[in-house]
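Residue numbers (my numbering), protein chains in the order written: chain A, 464 to 782; chain B, 2 to 334.
Don't take every hint at face value.
Unchecked claim - Over 12 Å on every C-beta distance to chain A, these chain B residues come out as not near it, computed from the model:
hint : residue
1    : 105
2    : 272
3    : 323
Claimed, not checked - In silico lysine-lysine, BS3-like type, Cα no more than 27 Å apart, as pairs:
hint : chain 1 : residue 1 : chain 2 : residue 2
4    : B       : 92        : B       : 288
5    : B       : 288       : B       : 122
6    : A       : 496       : B       : 122
7    : B       : 223       : A       : 496
8    : B       : 180       : B       : 288
9    : B       : 92        : B       : 223
It is worth saying that the hints were derived from the structure and are not from the lab. No experiment lies behind these values; they were computed from the predicted model shown. All C-beta atoms, glycine included, are put in the ideal place defined by N, C-alpha and C.
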Amino acid sequence: MAATTVEAVNKIERGGGWSRFTQERRPGMLVAKLAAFLLMCFIAFLFLVPLVWMISTSLKTPQDLQNPSFIPNPIAWENYRDAFSFGMWGRWTLNTVIITFFSVVGMVFSTSLVAYSFARLRWPGRAFLFSIVLATMMLPDVVTFIPRFIIFSELPAPRVNFPLFALDGNNASWVNTFLPLIVPDFLAGSAFNIFLMRQFMRGVPMELSEAARIDGASEFRIYWNVVLPLCKPALATIAIFTFQSSWQDFMGPLLYLQSEQNYTLQIGLRTFEFAAGGAPNWSWMMAGSLIVMLPVLIVFVLFQQYFIEGIQISGMGGR
Amino acid sequence: MAESAQSQDVVQRRPQSAARTGLRLNNSTREAVNGWLFVMPWVIGFALFTAIPMVFSFYTSFTNYNLIRSPQWVGTRHYENIFTNDPYFWKSLENTFWMVGIRVPIVMTLALAIAILLNTKIPYERVFRTIVYLPNVLAGAAAVYLWQWILSPTGLLNQALEGVGIDGPSWFTNPNWTKPALVVMGLWWIGGNIIIYLAAIKGVPQTLYEAASIDGASPWHKLRYITLPMISPTIFFQVITSIIGTFQIFTTAYIIITTGGLSPAEGGPGRSLLFYVIYLYNRAFGKVGSSRGFDMGYASALAWILFVIILAITLFQLWLSKRWVYYESGEGG
Chain A
464 MAATTVEAVN KIERGGGWSR FTQERRPGML VAKLAAFLLM CFIAFLFLVP LVWMISTSLK
524 TPQDLQNPSF IPNPIAWENY RDAFSFGMWG RWTLNTVIIT FFSVVGMVFS TSLVAYSFAR
584 LRWPGRAFLF SIVLATMMLP DVVTFIPRFI IFSELPAPRV NFPLFALDGN NASWVNTFLP
644 LIVPDFLAGS AFNIFLMRQF MRGVPMELSE AARIDGASEF RIYWNVVLPL CKPALATIAI
704 FTFQSSWQDF MGPLLYLQSE QNYTLQIGLR TFEFAAGGAP NWSWMMAGSL IVMLPVLIVF
764 VLFQQYFIEG IQISGMGGR
Chain B
2 MAESAQSQDV VQRRPQSAAR TGLRLNNSTR EAVNGWLFVM PWVIGFALFT AIPMVFSFYT
62 SFTNYNLIRS PQWVGTRHYE NIFTNDPYFW KSLENTFWMV GIRVPIVMTL ALAIAILLNT
122 KIPYERVFRT IVYLPNVLAG AAAVYLWQWI LSPTGLLNQA LEGVGIDGPS WFTNPNWTKP
182 ALVVMGLWWI GGNIIIYLAA IKGVPQTLYE AASIDGASPW HKLRYITLPM ISPTIFFQVI
242 TSIIGTFQIF TTAYIIITTG GLSPAEGGPG RSLLFYVIYL YNRAFGKVGS SRGFDMGYAS
302 ALAWILFVII LAITLFQLWL SKRWVYYESG EGG
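Please take these sequences and the hints and turn them into a complete structure.
Right, here's the structure in full:
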């Protein structure tokens with residue numbers, strides 16, 4: 464259902480350039496359309512101004528900072544160099560990349576596996592468990608974040624040296640390691656992603672699975688070699704949203720990552736305030752913030768269709 | 002959420018291929034075993050990170066627990082203290098309800114209005130759609146800094162207001178303006194809501210509008226009697242998720258409060274940004290007044306109170322929705 468609606472929506476929108484004006488023959492409607500267009504241009508301007516202002520500020524010298532002009536004069540490229548001259552930026556970037564990478568892999572793999580079961584296998588208790596999945600979509604995180612912290616602070620960390628997950632063989636518990644930020648994603652920690660994947664998998668013809676079964680393929684092979692390759696758009700949507708939420712997560716790292724060398728970029732950014740001693744250095748903060756935002760921005764520019772479709776499907780939870 | 006798991010199943014008979022497998026299981030048993038195996042990651046995750054934590058947190062809310070010593074039973078004392086003797090609780094509740102009451106209606110109305118505008122077949126609709134969604138990918142701490150800069154006393158917004166003769170307030174230092182500042186900031190991220198509304202509006206069957214045109218209906222009447230009723234399930238869903246989200250506002254407020262190295266304990270100027278989850282965080286991990294944090298029992302009690310409030314409001318909305326949400330019959334999976 465969800466996928467077909469989105470396709471229909473996108474079909475309607477193709478071929479919507481200036482021809483929408485030139486094809487209009489009623490003068491009254493033309494004026495109304497022109498007014499709507501201009502109003503929308505103004506709204507779009509308001510949405511873009513903060514970003515432009517951010518870029519502009521990041522290139523201004525301290526003397527130029529209070530100048531309301533959008534064009535920095537002179538252009539202070541050195542802000543980008545200076546902003547990264549303190550703090551452990553290399554380390555924080557690496558940490559963020561590691562956490563984000565494993566979150567995405569874990570989320571894509573586990574939610575597709577679980578969704579496969581809900582969408583394509585029949586077993587007793589399925590309807591009941593799926594209703595619980597849907598119910599957890601509405602569950603506010605606030606009831607679980609404290610006991611989760613307690614559980615993670617009681618779970619003994621493995622006594623191994625594994626710097627990739629901030630494990631140094633001495634961690635008393637999972638706190639101050641990357642495990643609390645990664646492991647839940649390997650256990651299908653997003654009801655919405657399960658729902659999205661299940662909707663998509665139900666659209667894959669059952670006959671394909673039947674044929675593979677007759678050929679003696681195991682269920683995992685059918686999932687991996689037959690169904691999953693046909694679900695690439697849904698997998699991409701889940702990967703992209705997980706990438707974004709993991710990259711931008713603030714509360715998780717704030718709770719669990721306590722020593723400075725384990726920070727992620729979002730937490731590390733906070734050190735900017737103190738960089739110049741006392742008052743925040745806005746040019747540096749904007750330069751640093753832009754760099755931290757950049758990866759998600761690039762992914763958006765490259766894959767914006769998946770973002771838009773994913774959001775559209777998320778809105779169909781109410782239908 | 003009209004979906005149900007069993008709705009679309011077709012019972013399929015397959016030729017016996019048990020001989021090919023080593024196991025002597027019939028097909029439906031094997032399918033059931035596989036089904037449970039495949040769903041295991043979620044079952045374990047749900048038990049470990051949702052079900053057990055909820056039960057544990059309910060128990061903890063009746064104890065004194067600071068992570069070091071084992072929990073000590075104190076009965077309903079935390080709940081009594083919260084309701085009778087805790088000014089922070091009432092202040093945080095007041096701030097949070099303010100945000101829900103002001104922010105949600107503004108966001109919903111504006112998002113719907115822009116979606117309707119985008120649907121008037123204007124040129125470059127897709128470009129506009131991308132632009133309004135763009136800020137949603139620019140979230141996190143970095144975006145909060147950007148807005149602190151824009152809303153600083155001599156920042157971009159106040160300069161623009163000065164241009165039209167308005168003396169802008171000092172947004173983040175005047176207790177009366179901190180919450181409006183958050184509302185203004187939040188408007189930058191309504192792109193997701195706009196996209197969802199737009200998709201819903203485009204899903205309304207064109208034939209309804211054509212029939213109305215023949216009857217001579219005005220654009221306003223089409224909006225009021227066709228579009229709005231037809232997208233009411235989407236409006237309902239968005240209002241619910243938006244309310245739940247606003248009740249749990251944390252990151253933005255936390256970053257603003259702690260700017261300049263301040264402790265989150267006081268909750269910003271005049272406690273005006275002491276939202277419920279900020280207060281909860283302070284009880285659990287930070288400081289409140291003279292008491293040291295790690296008050297997990299008290300914090301758990303706070304969490305359950307918020308949970309009950311959110312649940313009650315959601316159920317009330319659900320009840321209310323019967324009066325205004327229109328579900329097309331026959332719509333299923």
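Against the structure, the hints:
At roughly 15 Å, the least C-beta separation between residue 105(B) and chain A is larger than 12 Å, which holds for a residue marked as non-interface. No beta-carbon of chain A comes within 12 Å of the beta-carbon of residue 272(B); the shortest separation is about 20 Å. For residue 323(B), the requirement that its beta carbon stay farther than 12 Å from each beta carbon of chain A is met, with the minimum near 14 Å. Of the pairs offered as hints, the one joining residue 92(B) and residue 288(B) holds, with about 16 Å between alpha carbons and a cut-off of 27 Å not exceeded.
Note on residue 288(B) and residue 122(B): the hinted pairing is violated, with a Cα-Cα distance of about 54 Å set against a maximum of 27 Å. Between residue 496(A) and residue 122(B), the direct Cα distance comes to roughly 8 Å. Compliance with the 27 Å bound is thereby established for this hinted pair. Of the pairs offered as hints, the one joining residue 223(B) and residue 496(A) holds, with about 17 Å between alpha carbons and a cut-off of 27 Å not exceeded. Under the criterion of a C-alpha separation no larger than 27 Å, the hint pairing residue 180(B) with residue 288(B) is consistent with the structure, at around 22 Å.
The suggested pairing of residue 92(B) with residue 223(B) is violated, with an alpha-carbon distance near 44 Å, which exceeds 27 Å.
Going through the hint list in order, the structure does not satisfy hints 5, 9.
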